[in-house]
Amino acid sequence: MLLIHCPYCKESRDQSEFSPAGAAFIARPESPEGISDEEWADYVFYRTNHKGNHWEQWVHTNGCRKNFLVERSTISHQILQVAPFGARNSETEL
Amino acid sequence: MRLAQHPSHQVDYSKSLNFIFNNKRYKGYEGDTLASALLANDALLFTRSFKYGRKRGLMTAGVEEPNALVSLEIGGRYTPNLKATEIMLYDGLSAISASNPNAFDMRAFIKPLHRFMPAGFYYKTFIKQKVWAKVEDRIRAFSGFSKAPTEEDVDVYDYIFHHAEVVVIGGGAAGISAALEVLNNSQKERVILVDERSQLGGELFNEFSSDEAAMKWHKDSVNRLLSFANEDSERFTLLTQSTAYAWHDQNFIEVLETITTAESLTSSEPQKARKIVHRIRAKEVILATGAHERPMLFEANDLTNIMLSQSVRRYLHEYGVISGKKVVIYGNNDSIYKTAKDLHVNDIECIVVDVRSSEDPIEIVSELKDSGVKVLQGYCIVKALGSQRVKGVEITQTKLQDNNWQVFGDTQTISCDLVATSGGFNPVVHLDCHNGAKTYFDEVSQSFLPQQERDNREVCGAVAGAGAWQDAIIDAKNKAQFTLNALGAVSKLKQEILSENYSNYFNVSQFFTPKEILNKQKVFLDLQNDVTTLDVALSIREGYRSIEHIKRYTAMGFGTDQGKTGNINGIAVAAELLGIPLSELGTTTFRPAYTGVDFGAMAGREIGDFFDPQRYTTIHDSHVASGAEFEVVGQWYRPWYYPETGENMHQAVHRECLAARTSLGMMDASTLGKIDVQGSDAREFLSRIYTNAWMKLAPGSCRYGLMCNEKGMIIDDGVSTCINDNHFIMTTTTGGAASVYSALEMWLQTEWSDLDVHLNSVTDQYSTVAVVGPNARMLMKLLCQDVDFERENFKFMQWRPGTVCGVDARIMRISFSG
Numbered sequence: 001m002l003l004i005h006c007p008y009c010k011e012s013r014d015q016s017e018f019s020p021a022g023a024a025f026i027a028r029p030e031s032p033e034g035i036s037d038e039e040w041a042d043y044v045f046y047r048t049n050h051k052g053n054h055w056e057q058w059v060h061t062n063g064c065r066k067n068f069l070v071e072r073s074t075i076s077h078q079i080l081q082v083a084p085f086g087a088r089n090s091e092t093e094l
Numbered sequence: 095m096r097l098a099q100h101p102s103h104q105v106d107y108s109k110s111l112n113f114i115f116n117n118k119r120y121k122g123y124e125g126d127t128l129a130s131a132l133l134a135n136d137a138l139l140f141t142r143s144f145k146y147g148r149k150r151g152l153m154t155a156g157v158e159e160p161n162a163l164v165s166l167e168i169g170g171r172y173t174p175n176l177k178a179t180e181i182m183l184y185d186g187l188s189a190i191s192a193s194n195p196n197a198f199d200m201r202a203f204i205k206p207l208h209r210f211m212p213a214g215f216y217y218k219t220f221i222k223q224k225v226w227a228k229v230e231d232r233i234r235a236f237s238g239f240s241k242a243p244t245e246e247d248v249d250v251y252d253y254i255f256h257h258a259e260v261v262v263i264g265g266g267a268a269g270i271s272a273a274l275e276v277l278n279n280s281q282k283e284r285v286i287l288v289d290e291r292s293q294l295g296g297e298l299f300n301e302f303s304s305d306e307a308a309m310k311w312h313k314d315s316v317n318r319l320l321s322f323a324n325e326d327s328e329r330f331t332l333l334t335q336s337t338a339y340a341w342h343d344q345n346f347i348e349v350l351e352t353i354t355t356a357e358s359l360t361s362s363e364p365q366k367a368r369k370i371v372h373r374i375r376a377k378e379v380i381l382a383t384g385a386h387e388r389p390m391l392f393e394a395n396d397l398t399n400i401m402l403s404q405s406v407r408r409y410l411h412e413y414g415v416i417s418g419k420k421v422v423i424y425g426n427n428d429s430i431y432k433t434a435k436d437l438h439v440n441d442i443e444c445i446v447v448d449v450r451s452s453e454d455p456i457e458i459v460s461e462l463k464d465s466g467v468k469v470l471q472g473y474c475i476v477k478a479l480g481s482q483r484v485k486g487v488e489i490t491q492t493k494l495q496d497n498n499w500q501v502f503g504d505t506q507t508i509s510c511d512l513v514a515t516s517g518g519f520n521p522v523v524h525l526d527c528h529n530g531a532k533t534y535f536d537e538v539s540q541s542f543l544p545q546q547e548r549d550n551r552e553v554c555g556a557v558a559g560a561g562a563w564q565d566a567i568i569d570a571k572n573k574a575q576f577t578l579n580a581l582g583a584v585s586k587l588k589q590e591i592l593s594e595n596y597s598n599y600f601n602v603s604q605f606f607t608p609k610e611i612l613n614k615q616k617v618f619l620d621l622q623n624d625v626t627t628l629d630v631a632l633s634i635r636e637g638y639r640s641i642e643h644i645k646r647y648t649a650m651g652f653g654t655d656q657g658k659t660g661n662i663n664g665i666a667v668a669a670e671l672l673g674i675p676l677s678e679l680g681t682t683t684f685r686p687a688y689t690g691v692d693f694g695a696m697a698g699r700e701i702g703d704f705f706d707p708q709r710y711t712t713i714h715d716s717h718v719a720s721g722a723e724f725e726v727v728g729q730w731y732r733p734w735y736y737p738e739t740g741e742n743m744h745q746a747v748h749r750e751c752l753a754a755r756t757s758l759g760m761m762d763a764s765t766l767g768k769i770d771v772q773g774s775d776a777r778e779f780l781s782r783i784y785t786n787a788w789m790k791l792a793p794g795s796c797r798y799g800l801m802c803n804e805k806g807m808i809i810d811d812g813v814s815t816c817i818n819d820n821h822f823i824m825t826t827t828t829g830g831a832a833s834v835y836s837a838l839e840m841w842l843q844t845e846w847s848d849l850d851v852h853l854n855s856v857t858d859q860y861s862t863v864a865v866v867g868p869n870a871r872m873l874m875k876l877l878c879q880d881v882d883f884e885r886e887n888f889k890f891m892q893w894r895p896g897t898v899c900g901v902d903a904r905i906m907r908i909s910f911s912g
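Order-wise, the sequence lines are chains A and B. With my numbering, letter number 61 in the first sequence gets 61, and the count goes up by one each step, no holes. Position in the second sequence (from 1) plus 94 gives the number in my numbering.
Some hints here could point you the wrong way.
Distance ranges between label pairs, derived from CB positions [what the hints assert, rightly or not]:
1) B:233 to A:42: 41 to 47 Å
2) B:755 to A:63: 46 to 52 Å
3) A:52 to B:693: 36 to 42 Å
4) B:895 to A:44: 21 to 27 Å
5) A:36 to B:758: 51 to 57 Å
6) B:233 to A:41: 29 to 35 Å
Sample of chain A residues lacking proximity to chain B, with all beta carbon distances greater than 12 Å (derived) [said to hold, decoys possible]:
7) 9
8) 10
9) 14
10) 34
11) 36
12) 49
13) 50
14) 53
15) 54
16) 71
17) 78
18) 81
19) 84
Each computed PhoX-like pair below joins lysine-lysine, with the alpha-carbon atoms no more than 25 Å apart [as the list claims (entries may be wrong)]:
20) A:51 to B:532
21) B:805 to A:66
22) B:282 to A:10
23) B:477 to B:609
24) B:377 to B:493
25) A:10 to B:377
26) B:477 to B:493
Rather than coming from a laboratory, the hints here were simulated on the basis of the structure. All C-beta atoms in this analysis are idealised placements derived from N, C-alpha and C, irrespective of residue type, glycine included.
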């Protein structure tokens, strides 16, 4: 059970308030019609299952309902930092 | 047998309690456990074993007990498979053995066949031969566990959330010392001390009769802690009779507190919660979980009244109880001499058998010999004698040669009625390992010690290898200083000096596993699952090499005790038979929960009406008045059919369908999801979300839409209406309402944040009724006078605002039921 800091509510809350929403920074192809099935499949299905520090999306489902970015270690489950959407490199207090 | 009163005893001799065990009446005292009270009454038989139906008594005095499983109370308060060593006695208690030791037992009756029933017997005989389904019920009825409860639980359970800077787990000498060190050296840090027993002190009570300093330190320290708990309750919380059973990521610790009193279990009045789960989020954790003693291995080591040495001491000191008159104390470390001394002081005849030879005589040995206690060094027990209760032991000489134990010489017989054994100590590393830590095998202490360095966690006392209580206290203080430093409460670390060789668990010798003994029948490793050394040998012969596989093949370490006494011995035996070092074989995985947790406690108050929200439409009452049967869709209670007198479901549904086809039918469709979509890009948004086009849908019209996800799978469908160019109302399926709303929000927040669109769920704000059938138009005309319902003026897939029976409405002409 994680304790997650919501960058919008600015509070650390229990994991049960949040939902995971997959890996972050998966760029949606600019023109889906113009790419091959392989490229589309790569976008939809294939993920690296990264071991180590990993950026992912979470939603504060039972809170502000905002999507945000979380950098989490997939080994220790430690959360290294969180960021609002579109502000990957900004410093966020924990 | 109860001894004369002594200040070390933690029972209140002025408060006598009555209780019933296996339908017989007994008396005990306040402060007794069910186990100690029965020992005091010389009631030694507790249960029959899981597989062979062997009669068993107590082996331990605590959480590690493999044998003494009982069910507590009856009816709505029935709780199966509790350990008698953990049940605090109360007046009127009633308990029954999980498997009655005094009744006829089929498993024991077929004793001559036991040697044909090794590990894997049931699998090979029944499952592989595909007859398991026919015999499963009958075989399971034989198992040595309590019956499952049949009645609804009448008790209430709760859970409480805590946040703390420091959680200390374990309230023995080390835990008390660590908690005090933190409290004394910090100002505002919140501290929680958790201990599974009802009294703080752990194994320290065992030192009381021989060491007044222990008694004094205990009294002073516990008083100090209690005054913190009373006067500074914001800072310090003390949880006794509370077992920390799981440690999850980010220092999230779950603790089960048992609140069992005579009032709470025998009264029919509404009571406080019987058990509480404390969910604690901690910054720093100090583990002072102690160590469990492991038994020595010999033939028939499961006979009644063969107990662990420290458990015999605990019964003696904490409860003033001993279950024998002539005791053989047997082991491989110096702690056995303390047991001998304590028994000797209490005028109980005892003989010490030590597998280690007498090369380095220690003070306590000569002291004991001088006082007349017989000490045999370089001897081992090969076999216990007796049919149910131990009547004697066969011993022979032994020595450690080239890293192997050799047994030699003639056997002698010693008569006795109690055997206390100590084969070293297993640190309670379970919680640490729940949270990902690894153990390592330490040659000095002959144990799997917890990983040394970890963030936000210290280990102290016996779990870190300390034997003597004085060392545990100092070790705990030193480690608490690190914790305080990590919290920023102290900048300069104070460290006190420990005694020499403090971490060798009383000079414990190498695991005693001579082949001559391992190859015998009925050398039990895991008493709860009836796993013997021969079972481990068989699994290795059949090709298993990993300890995880050996565990699963033999069932060693499963059950309610999770192998707390037997597992490490089993690993040592496997290592011996495989010819590899213990450090290479490693341990099995320690997983939550450390001890059994009641389902009731996990559910807390979220049962019955609070289990799941129930959603009703705004016109629910009228359905009830019309005699509707309801079906549950998600959390909604949706009218299902309206039976008339004597009708079953099929008849009612036929009648309703016929009415809809030939005349008129109505349905409450309010449960459909409704999402209000507004903004200058609303039209563009719908076009992207649905597979069909929305750019030309005129205000006043509706359109059916199909929604797909990125994988191309249909996730939802429904009709959306255009109110105006910047405003649409989308309907979703009943079950998809929440997930569609979340998906739409996700698209707007992540990929399409440039769109000017705002969403609002209005599912509960609008009541929806489908009116269908050839007479639908006629009814609408009657109900609503301000809309023109003529075909050519109100076309298919259009909507009109109107007033229905005085209520503002949007009326859509759409096809809903085909």
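Are there hints from earlier that the structure breaks, and if so, what are their numbers?
-> Hints 1, 4, 6, 9, 17, 19, 24 contradicted; others consistent.
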